Amino acid sequence: MPGFGASAPLEESWAVGDYAVWLLKFLKKQRITKTHILCHSFGARVAFKALNMEPQIAESLIITGGAGIVKPRSDGYIRKVRAYRRVKKFFPRFAEKHFGSPEYRSLPPVMRESYKKIVNEDLSECASKIKCRTYLIYGESDSVTPPDEEGATFGKLIAGSRFELTEGGHFCFSEHPDIFNDKIYKFLTEK
Numbered sequence: 020m021p022g023f024g025a026s027a028p029l030e031e032s033w034a035v036g037d038y039a040v041w042l043l044k045f046l047k048k049q050r051i052t053k054t055h056i057l058c059h060s061f062g063a064r065v066a067f068k069a070l071n072m073e074p075q076i077a078e079s080l081i082i083t084g085g086a087g088i089v090k091p092r093s094d095g096y097i098r099k100v101r102a103y104r105r106v107k108k109f110f111p112r113f114a115e116k117h118f119g120s121p122e123y124r125s126l127p128p129v130m131r132e133s134y135k136k137i138v139n140e141d142l143s144e145c146a147s148k149i150k151c152r153t154y155l156i157y158g159e160s161d162s163v164t165p166p167d168e169e170g171a172t173f174g175k176l177i178a179g180s181r182f183e184l185t186e187g188g189h190f191c192f193s194e195h196p197d198i199f200n201d202k203i204y205k206f207l208t209e210k
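Residue numbering for the sequence shown follows my numbering, starting at 20 and increasing by one per position.
Be a bit skeptical, because a hint or two may be false.
Stated by the list, open to error - Distance windows between CB atoms, simulated: (1) R101 / N200: 43 to 53 Å; (2) D201 / G179: 17 to 27 Å; (3) P21 / S120: 15 to 25 Å.
Stated by the list, open to error - Calculated pairs, SDA-like style, for lysine to any residue (alpha carbon to alpha carbon, straight line, at most 20 Å): (4) K48 / D37; (5) K99 / E115; (6) K44 / G62; (7) K135 / V100; (8) K53 / V40; (9) K47 / N71; (10) K175 / S79; (11) K99 / Y123; (12) K136 / P91; (13) K136 / G62; (14) K135 / G62; (15) K136 / I88; (16) K135 / V106; (17) K90 / E144; (18) K202 / C151; (19) K90 / E140; (20) K99 / N139; (21) K205 / G179.
Simulated from the structure, these hints should not be mistaken for laboratory data. No experiment lies behind these values; they were computed from the predicted model shown. Just so it is clear, CB atoms sit at the ideal spot from N, CA and C, and this is done for glycine as well.
Sequences are here, hints too, so could you generate the full structure?
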C-alpha cells in the first residue's frame, strides 16, 4: 500500500478512507469484481471502510489480528498527550525523540500524521455494517490487538461472524502457518 514497504513515501498524510479508496481503485483496475479478502491488523481497518463503500466486492472477509477499536483513553494517556503537546511547543526535537511508541517515532513526519489519523478513528460502526461472511481469527497471545478487546468486539458487531482464537500472537499466521492455513481453508471451502 502507498507509504508502506518499498512503495514511494506519501506526499501528504492519508486516513483510513484514503487507503480504502486506493484499494477499490486497484481492484477496479485489475478487473477484480468479487473476492475473498484476507487482512491483518491495519488491513482490517481498510477492509471495513472499503466494504462500507462497496459491499458487493467481497464474498467473504477473513480478519486476523484486526485493529480498529478506539478504547477509552486513560487518565495517564491523556496526561502524556498533554505533556507531549507542551514540550513540543518549546522543544520539538526532544518531544519527537522521547514521546510516542517506538513504532510512531520510527516513522517519517508524513506517516506520523497518517498514523495519528488511522489509530484515532474508531471503525465500530463500519464493522457493524459488514454483510459478507466473516471469520475473525486472532492469536490467543496477541498483545497488539488483544483478542478479548478487538476480536470479541468485532465478533459482536458483525452479524453472523465467526470469532476464533488460535495459537500464537499478533502474527499467528506466520508463527503457526499450518494451523492457520488449515483453519482458513476450512472456512473458505465450507458450504
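Now for the hints, and whether the structure bears them out:
no. : hint                    : result
1   : R101 / N200: 43 to 53 Å : 46 Å, holds
2   : D201 / G179: 17 to 27 Å : 22 Å, holds
3   : P21 / S120: 15 to 25 Å  : 22 Å, holds
4   : K48 / D37               : 16 Å, holds
5   : K99 / E115              : 13 Å, holds
6   : K44 / G62               : 16 Å, holds
7   : K135 / V100             : 12 Å, holds
8   : K53 / V40               : 16 Å, holds
9   : K47 / N71               : 16 Å, holds
10  : K175 / S79              : 17 Å, holds
11  : K99 / Y123              : 15 Å, holds
12  : K136 / P91              : 16 Å, holds
13  : K136 / G62              : 15 Å, holds
14  : K135 / G62              : 16 Å, holds
15  : K136 / I88              : 13 Å, holds
16  : K135 / V106             : 18 Å, holds
17  : K90 / E144              : 14 Å, holds
18  : K202 / C151             : 18 Å, holds
19  : K90 / E140              : 10 Å, holds
20  : K99 / N139              : 16 Å, holds
21  : K205 / G179             : 17 Å, holds
When the structure is compared with the earlier hints, no violation turns up for any of them.
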